[in-house]
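Start from the sequences, fold in the hints, and give me the full structure.
Going down the list, the sequences are from chains A and B. In terms of our numbering, the first sequence opens at residue 1 and continues consecutively. In terms of our numbering, the second sequence opens at residue 168 and continues consecutively.
Among these hints, one or two may not hold up.
Stated by the list, open to error - Taking beta-carbon pairs under 8 Å as the criterion, some of the chain A residues facing chain B (in silico):
| hint | residue |
| --- | --- |
| 1 | His48 |
| 2 | Val51 |
| 3 | Ala57 |
| 4 | Val61 |
| 5 | Ser62 |
| 6 | Asn72 |
| 7 | Tyr79 |
| 8 | Phe123 |
| 9 | Val124 |
| 10 | Met127 |
| 11 | Trp129 |
| 12 | Ser130 |
| 13 | Val134 |
| 14 | Gly141 |
| 15 | Tyr152 |
These are computed hints drawn from the structure, not numbers from a lab. Even glycine gets a Cβ: it sits at the ideal position worked out from N, Cα and C.
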Amino acid sequence: MTSWSKLLMVSALLLFLLPFFTLLVSASSEDVVTLALTEAEETLASTHEAVLEAEQAGANVSDLLDKSNLANEYLAEAYVWYRLGVFENASRFAGLCSDVIGGVRSEAFELRDEAKKLGEADFVMNMIWSVVGVSVVLVSGSVAWLVFRRRYHRWVGLRSEVVSGES
Amino acid sequence: MNLDEYRTLFLVVTLGLALVAAYPALAMVVPFTGASEEFSEFWLLGPGHTAEDYPFNVGAGEMHSIFVCLGNHMGSSEYYMVYVKFGNSTQLDFDSSKPGSLPPLYEFRVFVGDEDVWESPVTFGFQNVYIGDTVLIVDNVTMNVPIEDAVLSVDDVIINGMVFPVDASTTWDSEKSGFYFRLSFELWRYDTMLKSFRFHNRVVWLQLNMTGS
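Okay, structure coming up:
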């Protein structure tokens, strides 16, 4: 077999294998994008949960929502490209989403922790003020009642003396 | 008034004042505001940002614009997703209790704060609209079949500048005299218990009469 025919055979073999390689590369790039999308989606979901917790703890989350929505736009666009089969764009937008949301998520966790601490401090202060307030009311009420009762008895005694004096 | 009646009066007044003093602590444990209904609003607006002039007669090569809007009254921030779908009235037959079976073309994802409203413009158009087997650009209509038997197909939908290949066709509706399609918007909401999006039982759509010109 001449070197030319060998070269021809190898070329034919490579040409035959090319579609399989293309499919393989395409499949693997799809897998990579699927993974990137799943990660970005999970990060956004956990950010949403952190934002919810921060909100329930009393924090103002409107800034966080605005920042997160940029990441949401990127993720939505990534999914649209993914469905169209344009994995390069899908991957790019999933990456942009992850870049944006990473910072927002840590900010959300910080805000949540801060709000929880403030909430706990508020709770303690409210409890103290309530206990003090209730104690003051009860003591004042008891004292007022004792004073009133003494005066009432004196007043009733005076009145009965007047009545018996008259009779 | 005798002493017992005075005692009762003192007791009632003192306990009332004690309750007022305990309010800051009680408010953190007992919700004093009445339980309000939790719901999400979902609607479309026409190009003039009002509930009129919605696109109806549409054709290939034209672009139309509307606004998709949603309001959150769920009592906390919510994570929503809006799916945009296109098909005929059989493919997108809504009863609002289940999502359409067609795959979404476009989507929006958004966090919406409690009592906030979100809206986004949507521009859409159609390409490769043809009737029957003869590929008719509808500007040059030369139909060999009667209109009642004709099938009109749409191959591409353009939404916000992106072209989506679709497989949508419809027959002539003799009652309403037209080829009708639907552009639907489904609302999904992230369920923190399930850790995934769930259909939120809200669908709004545009009924579109494909005229071709």
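Now the hints, each set against the structure:
no.	hint	result
1	His48	holds (4 Å)
2	Val51	holds (6 Å)
3	Ala57	violated (12 Å)
4	Val61	holds (6 Å)
5	Ser62	holds (6 Å)
6	Asn72	holds (4 Å)
7	Tyr79	holds (6 Å)
8	Phe123	holds (6 Å)
9	Val124	violated (10 Å)
10	Met127	holds (5 Å)
11	Trp129	holds (6 Å)
12	Ser130	holds (4 Å)
13	Val134	holds (5 Å)
14	Gly141	holds (3 Å)
15	Tyr152	holds (6 Å)
In this structure, the hints that do not hold are numbers 3 and 9, in rising order.
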